[in-house]
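*Asks:* Given the coordinates of chain A, work out where chain B with the ligands should sit on it, guided by the hints.
There are 2 protein chains.
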Amino acid sequence: MLPVFGHLNPDTDAVTSALVYARLLSRQGVEAQAYRLGELNFETPFVLREAGLEAPPLLPVLAAGTEVALVDHNESAQSVPNLAELVVTRVVDHHKLGDLTTSQPPYLRFEPVGCTGTILLGLHREAGLKVEPTDARLMLSAILSDTLHFRSPTTTQADRDAVEFLAPVAGVQDVEAYALAMFAAKSDLGDTPADQLLRMDYKVFPFGDAAQPQRWGLGVIETTNPAYVFGRQAELLAAMDKAKAEDGLNGVLLSVIDILNETNRTLILSATEDKAVSEAFGVASQNQVADLGHLISRKKQIVPTLEAHFAPVS
Amino acid sequence: MLPVFGHLNPDTDAVTSALVYARLLSRQGVEAQAYRLGELNFETPFVLREAGLEAPPLLPVLAAGTEVALVDHNESAQSVPNLAELVVTRVVDHHKLGDLTTSQPPYLRFEPVGCTGTILLGLHREAGLKVEPTDARLMLSAILSDTLHFRSPTTTQADRDAVEFLAPVAGVQDVEAYALAMFAAKSDLGDTPADQLLRMDYKVFPFGDAAQPQRWGLGVIETTNPAYVFGRQAELLAAMDKAKAEDGLNGVLLSVIDILNETNRTLILSATEDKAVSEAFGVASQNQVADLGHLISRKKQIVPTLEAHFAPVS
Ligand SMILES: [Mn+2]
Ligand SMILES: [Mn+2]
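For the record, the sequence lines run as chains A and B. For the first sequence, my numbering assigns the number 1 to the initial residue and increments by one for each residue that follows. For the second sequence, my numbering assigns the number 1001 to the initial residue and increments by one for each residue that follows.
Just chain A, same shape as in the assembly:
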């Protein structure tokens, strides 16, 4: 039974892609089981409920040498802690290639598209397999989520084509209304503790080189209600300070993405973060908030810019 899982602090794509890929592999004769690496955000339960599915179980500790399949990530910092002891035989992903290595030839399927769901639809087509309505809804939801319904600059024509194909199969007549309902569910943060809000969509990235290594924690809150988030600014800054100390990081940023207006205002914890953001993005912070304009994609805009900023001068 091949375990299939997405990244830590799972988003909708990480969870649904594990479910869809595990089912696809099973249909192709490779017995597979989906897992998740952490608590769900507020969007994914809505998606699973609409699909009539339970959340996949938390991944148990796997013995060294266990074969695994990764979806929606490949870097060790975003995966299970003992990844180096496991045998990665398959990866389906749409992120840059990080520190993954294998000791045997693997199946790798990376495409520079907006969502792992878009690649998974392609795998169904190549295998000549009919897409089941439940799988269609999961892939559709992931694409709408990852691309913020095509607002994100990560969106490609392949993502748009996939949504056009998947919506009728999933029985979703009004894609716009479905996406808004998904985003509303995601934004309904209630009295979630600030620690948890920070960690909901949070990834640690290595920058720099061996001589000057940097590890930054980059959190994102995508919401239709940014006023609510900024109303809790002090709590969130305290949570960021705690995360920075606990994880031994050089810096922590929390970007609050206004989904509907496509803007990014990022919380700035200290002078270190202020210096990096003002040098990398040319934006000064005010009251511990830096206005990063329409840079709403961590993957395509925030991380590459910080990576270039911290890159050794060669």
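Just so you know, these hints were derived from the structure itself, not from any lab. The structure presented is a predicted model; accordingly, all values stated were derived computationally and were not measured.
In the BS3-like style, the derived pairs of lysine-lysine whose C-alpha atoms are separated by at most 25 Å in a straight line are:
| no. | chain 1 | residue 1 | chain 2 | residue 2 |
| --- | --- | --- | --- | --- |
| 1 | A | Lys275 | A | Lys300 |
| 2 | B | Lys1096 | A | Lys96 |
| 3 | B | Lys1300 | B | Lys1096 |
| 4 | A | Lys130 | B | Lys1130 |
| 5 | A | Lys244 | A | Lys300 |
*Replies:* This is chain B with the ligands only, laid out in the frame that chain A set:
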């Protein structure tokens, strides 16, 4: 114009896959041009002649930031020296994943099959593109070459199926006879200098970890005429000694593969190589030759065993 190239010391798969993938990309609207990273072996000119093609040109020095596509390799030690400065946007490969990283999401297509040609045939099918006879001959030749016409343990059912499909498209009626002619051409080594014989199919592999790094040069001569090779044993050992010093390696091995009898007798340069081979494979050398029996695949048998031998005890 996207440069597409295979590994250093190109074999038939490295050269033909660059040609086939460049043409496939061009048919898909991505202008691409095949190159090679070194002199051809004795088999590839036979294949190109049969296909009515010229060898692709040597790769010129590429400016930092140039986008490139890799075929049949991914590790920096087997690629162009300034790979780290280039932008790898696409890789089609059937080797283990090494030290490759990217700063943007790439296209990656890895499958654990016997030959890159087998994966390229799949890419034609997925794109709904008819396979041209010339491309069919190139892919067919690469598969027969990499799998030693299905003798190698790297062979998969997908490789067998690909040959069955490709042979009639390529106009090759007697696959067995074609493979034998290819192997005869490869074995016709004439008065090639020993240095060149060693380097013909030669790759440098890192083993161990940062605390105890090891770099080994592993050469292979696949031949239907091993007696000829062992007749030049003294010269070849001298060439190995020179390569070891020039490349600053910990060890050098040269495996002489008898294609038709599927055996491996490996030249042992010094006490260092003798110790590693006897510990890793449980075989003592005699007169500087270790009989490795039917371990005829560097990728699937020699490298993984040495990798495990040099792995840090954890
Ligand atoms: Mn994703
Ligand atoms: Mn190959």
